[in-house]
Amino acid sequence: MLFAQERGEGLSALLGNLEQTVLGEPAYPSIEAKAAHLLYFVVKNHPFADGNKRSGAFLFVDFLNRNNRLLDGQDEPVINDIGLAALTLLVAQSDPANKETMISLIMNMLVC
756 MLFAQERGEG LSALLGNLEQ TVLGEPAYPS IEAKAAHLLY FVVKNHPFAD GNKRSGAFLF
816 VDFLNRNNRL LDGQDEPVIN DIGLAALTLL VAQSDPANKE TMISLIMNML VC
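The sequence shown begins at 756 in our numbering and counts up by one.
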C-alpha cells in the first residue's frame with residue numbers, strides 16, 4: 756500500500772524543523788505555531804509517496820490532541836471536519852509565496 760509511505764527522511768526532517776531555534780529562541784514558540792507549520796510542511800513538502808493532504812490533516816489533529824489543544828474550553832474541537840478539509844485544500848492550492856499568510860490563517864483558526 757502506498758498511502759503514507761514515507762519518501763526518504765522527509766518526515767523526520769520536517770518534525771525536527773518544528774523544534775529548531777533561532778538565536779537560542781524557538782523558531783515556532785507556541786503549540787499553535789508548531790501545528791500550523793506541521794500542516795503546511797506536510798501538505799507542501801510531500802514527505803509521503805501519496806496521501807500528503809490526508810496525512811497532514813491527521814498529523815495536525817494528532818499534534819493538537821497530544822498537546823491538549825484540540826478541544827476548546829467547552830470541550831468542542833477547535834476545528835471541525837469541514838474546516839479542516841477546507842484548510843488543508845487551501846494550503847495545498849496556495850502559492851508558496853503566501854506561506855506566512857497561510858500560517859497566520861491556520862493559527863488564527865486555532866485561537867478563535
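Hints listed in this document are in silico derivations from the structure and should not be mistaken for laboratory results.
Any given hint might turn out to be false.
Ranges between beta-carbon positions, derived for each pair [claimed, not checked]:
no., residue 1, residue 2, range
1, Ala841, His801, 17 to 25 Å
2, Ala847, Glu780, 24 to 32 Å
3, Ala840, Asn800, 14 to 22 Å
4, Lys854, Leu770, 27 to 35 Å
5, Ala804, Asp830, 34 to 42 Å
6, Leu845, Asn820, 31 to 39 Å
7, Asp805, Gly779, 37 to 45 Å
8, Asn863, Lys799, 12 to 20 Å
Note that the structure is a prediction, hence the values are computed from the model and not measured.
All residues carry an ideal CB built from backbone N, CA and C; glycine is no exception.
Here is how each hint holds up against the structure:
1. Ala841 - His801: 17 to 25 Å: holds, 20 Å
2. Ala847 - Glu780: 24 to 32 Å: holds, 30 Å
3. Ala840 - Asn800: 14 to 22 Å: holds, 20 Å
4. Lys854 - Leu770: 27 to 35 Å: Violated, since Lys854 and Leu770 (Cβ atoms, about 18 Å apart) do not stay within the stated range.
5. Ala804 - Asp830: 34 to 42 Å: With a Cβ separation near 37 Å, Ala804 and Asp830 satisfy 34 to 42 Å, so the hint holds.
6. Leu845 - Asn820: 31 to 39 Å: violated, 22 Å
7. Asp805 - Gly779: 37 to 45 Å: Given about 39 Å between the Cβ atoms, the range holds.
8. Asn863 - Lys799: 12 to 20 Å: Taking Cβ atoms as reference, Asn863 and Lys799 lie about 19 Å apart, which means the hint holds.
The structure shown violates the earlier hints numbered 4, 6.
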